[in-house]
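With chain A fixed as given, assemble chain B onto it according to the hints.
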Amino acid sequence: MFRTLTGALLGSAIAVAATFSATGSAAAAGEVNIYSLRQPFLIEPLLKAFTEKTGIKTNVVFAKDGVVERMKAEGANSPADVILTVDIGRLNDAVEAGVVQPVSSKTLDANVPASFRDPEGRWFALTQRARLIYAAKDRVKPGEITSYEQLADPKWKGRICTRSGKHDYNVALLAAMIAHHGEAKAETWLEGLKANLARKPQGNDRGQVKAIKEGECDLALGNNYYYGAMLSNDEQKPWAEAVNPVFPTIGGTKGTHVNVSGIALSKSAPNRDNAVKLMEFLSGNDAQEIYATANYEYPVNPQVKWSPLVESWGRFTPDDLPLSAIAELRGAAVKMVDRVGYDG
Amino acid sequence: MTAEADAFQGAGPAPELSAAAPIDGRRRWHVAALATAGLVAMPVLAIVWKALNPTENIWPHLASTVLPGYVLTTVLLMLGVGVGTFVIGTGTAWLVAMCRFPGRGLFQWALLLPLAMPGYLIAYVYTDLLEFAGPLQSVLREVFGWSTRRDYWFPEIRSLGGAIAMLTLVLYPYVYALARATFLEQSICVLEVSRTLGRGTWRSLRDVALPLARPAIAVGVTLALMECLNDFGTVDFFAVRTLTAGVFDVWLRMGNAGGAAQIALVMLAFVVLLIWAERRSRVRQRFHHTSSKLRPIEGIPLHGRKAWAATVACTLPVLLGFAVPATVLADYAFTSEAAQWSPDFFRHALNSLGLSAAAALVAVALATLLAYAARQRAGGIVHAAIRLASVGYAIPGAVLAIGVLIPFAAFDNAVDGFLRQTVGISTGLILSGTVSALVFAYTVRFLAVSLGAVEAGLGRITPSMEMAARTLGHGPSATLRRLHLPMIRGSLLTGGLLVFVDTMKELPATLVLRPFNFDTLATFVYQYASDERLEACAPAALAVVAAGILPVLLLARSVGAARPGRRGRDD
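Protein chains in written order, with this note's numbering: chain A, 142 to 485; chain B, 42 to 612.
Please keep in mind that the hints were generated in silico from the structure rather than gathered at the bench.
From a predicted model like this one, the values you see are computed outputs, not experimental measurements.
A few of these clues could be false.
[Claimed, not checked] With a straight-line cut-off of 20 Å between C-alpha atoms, the simulated EDC-like cross-links for lysine to aspartate or glutamate are:
id : chain 1 : residue 1 : chain 2 : residue 2
1  : A       : Lys282    : A       : Glu382
2  : A       : Lys476    : B       : Glu97
3  : A       : Lys354    : B       : Asp385
4  : A       : Lys335    : B       : Asp385
5  : A       : Lys408    : A       : Asp427
6  : A       : Lys354    : B       : Asp277
7  : A       : Lys476    : A       : Glu328
8  : A       : Lys298    : A       : Asp250
9  : A       : Lys189    : A       : Glu430
10 : A       : Lys198    : B       : Asp385
11 : A       : Lys341    : B       : Glu378
12 : A       : Lys446    : A       : Glu421
13 : A       : Lys354    : B       : Glu197
14 : A       : Lys476    : B       : Asp277
15 : A       : Lys205    : B       : Glu197
16 : A       : Lys378    : B       : Glu378
17 : A       : Lys341    : A       : Asp294
Chain B extracted, bound-state conformation:
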């Protein structure tokens, strides 16, 4: 994309541009962004089209029966996960970024580990551990001499609370990663001023750092909430009836794909409204730094009880979100006789890694294009198109897969029909049922993730630097290449790695769209886990987690390294 844009640099206005178009190529960025956003929004539009053709109006039935319950459960789930990820993510990010306490160096990266743990896996593992038949309750019964579940009270893991806990544990790293990067990139000046004016650690966080980090934290929480809305595996396993459950009932049990699409769109509208409200409320605020005094942050030393509290606060999420489930899986994998160590593993793993890498590259490239185009004095249409392109994240994977199928198959069939008529050759399906459909689906699904990271990165670059570059005669493409890309490469890497890890874990869209005889680690795990045979698939589950760890560690490193002041560059 850069090469293409470069070709026009300094070539003057292209002939098809109107007289009012900026002469420096901004319009080209807008057009490219619109085209890309349109392409990525196609599956969503396909779902809209589906929603316009329901087989039956499902709302009267739903409204008079389960809808109020679904809505309430969904709102509570989002509220719980939203608050949970915000508190854990921001709190731990602040501690490791700004304070010194035992284990800080370890937690910097360890806090990201739960990101490698798919929500459905952690749900299976904790159910095994905490259910009535699980080891914990069995031991309790043994010790206290209880026999039936009526003899004592124990929190039910398969419940709304359980689902909130599971989703919070695996989703808080989104907030943590983005908040920590932002805290690290904040100029030390504002914090020193804050402390000089008599604010302590926590009040500096509340009054200065948090408001400044708000865009990044908002992106993190939004990602967590969207993930929460599209999650079906965890809530279904926990018998928590959210709107997503309604989508699947209407689609599969009532045979009404149109009605299901309508519910999915209502959910989507809800998320869009949330995002819009958040953006609206800070529309007049600017968050880039005008000072770039970025000498290394010393960290506020914590002592005694405070230091221990900080250590415990950082240990718990890692322990519960990663160490415990990973240990259980490892135990199953190495001690259970049912564990299946299949030679196919290598192939599944290769599939997973290749798909994830491809999806990460495409998603970051498109996100950079979109976010940068939006910076080029883009109008409302471009901004709206970009938002539309990133809503795929909030749509349940299986529904999104149908949205991907429709335009892909339509394209394939159109090409086939055209060639049959003109040349007499049938091409069949070129793209549908191939890996490209999968990569496209992942891109649509996870663009919001990479876009959030890239936008957060670009947002911290003050326009005056851009203006300087432009004054020095660089076009938008050269400015991007020479100014922005080097400055936001930490964010690019963050975005790419998040998409990578997300794709490793992705299940529902992969199931529907994959080619023949094709398995990823996630689909392999699902075959067994969905049948309560966690032991059998523990080796593969462990592999999903292991494959997610490396990118997570890279991610941790890149965020640490992204602090410009660290290298003493004179920018």
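Chain A on its own, in the form it takes in the complex:
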């Protein structure tokens, strides 16, 4: 039996090797190679539209962690053309690792407002997403909470759920708090928020809304597009229907904290022209509309309307803190999460 099995294993190994080599090289003409930190099902509709319009084939590797390290190791021969990612911190990592190159494109500059791109063109935000407070419909009165600062109010003791304090989105929010209030005040705030937690930070943003539905807590932090995604998912719809989305203000301003998803051109980009075309396409009207309607994110392109559903949650003012300030304070924020012992 041992021999048969070895034979079978060898046989399938060879067969698969043959399949792989047939799909071979990715640097041929008419292609663009994407290293994506965004989940495939989020970007697939966009890439499909891009291929339909331009005939350029897209190749994707999706990995949450390690993409920048991979590009660093691959160096000048890296097949990557662009990196698609969420969070300004991750974009900043790519810039600091030296794996991206600047782009100057009139189309990109026209599509993406100056506050949403690197002055040197090393990264471009494509969408913005508001960090909301979700409040239980039946247990929190409208207007009872209006700012992030109020999350530290002892009246919410045992009533708040969040995901890990070390998650990119919470780190970015904390970095924004530090920028607005300074380290000492931000730390007091984080301690207050921790004291109000109903449970140890866990799960993802949807999980927090689910916990509100189940009565575990009354308030939760979460990005806005999850609300739309949950409403369009039969199983999760009741979760979303149990909460009101609140656009909280930060630092006494009228602004709500936002984080971004974005794109950068790889330094080694073997298909540079196609890559720039993809970047221009993603910032253009068609793609931005898909972002708005299919993903419920806010388009950065001011010419593109919000989706009616997103519009129905109300207009809001994004916090005008520069994204670079958030990126800079990220390290301080992570350490603060450790000091406070937020994740317990």
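What follows is chain B alone, placed relative to chain A:
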């Protein structure tokens, strides 16, 4: 490798060997082992190199904040999983190997099934079942009229205890498989002597069989502990902050890959110390059998309450570690509307199977080379190199992937640079971003598994048989081919199948290293499961489990068949 070694058989000392070298080709085995171990250790060395170049000294910050908690959690997790896998693995192995009770024939293989269940999947499933919003608590609330979580107490699944339970349930089969194989291969004589001297079932286990099976059990528990250390999916999902969590914080949130590598290495040092201590404590003991009276084990019949207790003890791990999660997944897959039955499945499955088969073959071949070379009166350097080659198992997959990337990309870029300069051709990346990088990563990661199995097998062959073969004029290669390989083929198969199943489940290294547009079943599952959309990926998750079952069943068969006495061979 055998062919290459054969070429030198009987050819006398090769010219480059020193005068002191054994003239029978042992040195060649040592050199081959050193070269192989060096190759496999490259990713670990790359991580060491990373650790020497941190962007910032992270220790003062960590030590003053989260480090004590991380260390304590890690130690408790390892302790819990270590004890859990030892008790369940050894206990059930002893029962099915040595006792007769209802269902024994079934349990022999069924106890291996949880091996097919990835840790992250079982964690998702049990969270769905046991969390506040899950069916169990909902029913309890309904029945007792509770409304909020403050009304009653229920164990929190997302906790250290939960993580220990999940990891124990999926990792105990390592101990079970190795312990059962060893119990089966033990000569009946020692056990009969033990019983003649008045020891009952359990005391025979404690005083005779367990000490004799110690090397195999130690390997099993070590594998479970290393798996525990490199696990990120389960502990992260359960919000249990182990040192692994620290690795990812420092790497991704503080942008300090060097600092992360340092933590990973400290964890590694901890494991190496554990292994060393275990080996040290039995350094003067020998475990091969001098008698080979291997007639079939009759099994001690259990009756009445004892028999039922044995049945229950064997049912629980299978039920909780396999039947319940598999049923939940099947339920989602066939009843939920969100379940995605994609035609891409076949392709993903083919990728998974091919990679697993390739990794299993390579890992077993290298393990045999290393373990056999170590037997050829190898010196300390060879032994140390072999241990170094097998530590990849304790490194978190994503970190190990970076360790694989660095030497692979460096090689590719060097070849490219050389050819550009000399011939003017650019080859780009030849190996990085291809399946070969993946197979290499799996080999590095799972070599410890195959090496453990092969070493355990070789350890039971008494050197006197080897000496006889050598006296009869066989060189080391011929001895391996004609004596050892036939005798340890059960262990080879065990090692290969364990690597196969492990590779099927592997996730973090696959994510980072895979080629463009390439998915395995595991990566496909992860895309959805990580977003709390277990229903959507249930069909694929079920496929991961299903694909793991066949090798697990083969494994069960091979262990049963490996008992030499079963075929009445006159050895």
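We went through each hint and held it up to the structure:
1. A:Lys282 with A:Glu382: holds (15 Å)
2. A:Lys476 with B:Glu97: holds (13 Å)
3. A:Lys354 with B:Asp385: Answer violated: lysine 354 of chain A to aspartate 385 of chain B is near 35 Å, above 20 Å.
4. A:Lys335 with B:Asp385: Since the Cα atoms of lysine 335 of chain A and aspartate 385 of chain B sit roughly 44 Å apart, the hinted pair is violated (cutoff 20 Å).
5. A:Lys408 with A:Asp427: Given pair lysine 408 of chain A, aspartate 427 of chain A is violated - Cα atoms ~27 Å apart, limit 20 Å.
6. A:Lys354 with B:Asp277: Not OK: lysine 354 of chain A and aspartate 277 of chain B at ~23 Å, beyond 20 Å, violated.
7. A:Lys476 with A:Glu328: holds (10 Å)
8. A:Lys298 with A:Asp250: Violated: lysine 298 of chain A and aspartate 250 of chain A sit about 46 Å apart, past 20 Å.
9. A:Lys189 with A:Glu430: Since the Cα atoms of lysine 189 of chain A and glutamate 430 of chain A sit roughly 14 Å apart, the hinted pair holds (cutoff 20 Å).
10. A:Lys198 with B:Asp385: holds (18 Å)
11. A:Lys341 with B:Glu378: violated (32 Å)
12. A:Lys446 with A:Glu421: holds (18 Å)
13. A:Lys354 with B:Glu197: Measuring from Cα to Cα gives roughly 18 Å; hence the hint holds.
14. A:Lys476 with B:Asp277: holds (19 Å)
15. A:Lys205 with B:Glu197: violated (28 Å)
16. A:Lys378 with B:Glu378: Holds, because 14 Å separates the two Cα atoms, which is no more than 20 Å.
17. A:Lys341 with A:Asp294: Holds. Lysine 341 of chain A to aspartate 294 of chain A sits at ~18 Å (cutoff 20 Å).
Comparing the model with each earlier hint shows violations of hints 3, 4, 5, 6, 8, 11 and 15; every other hint is respected.
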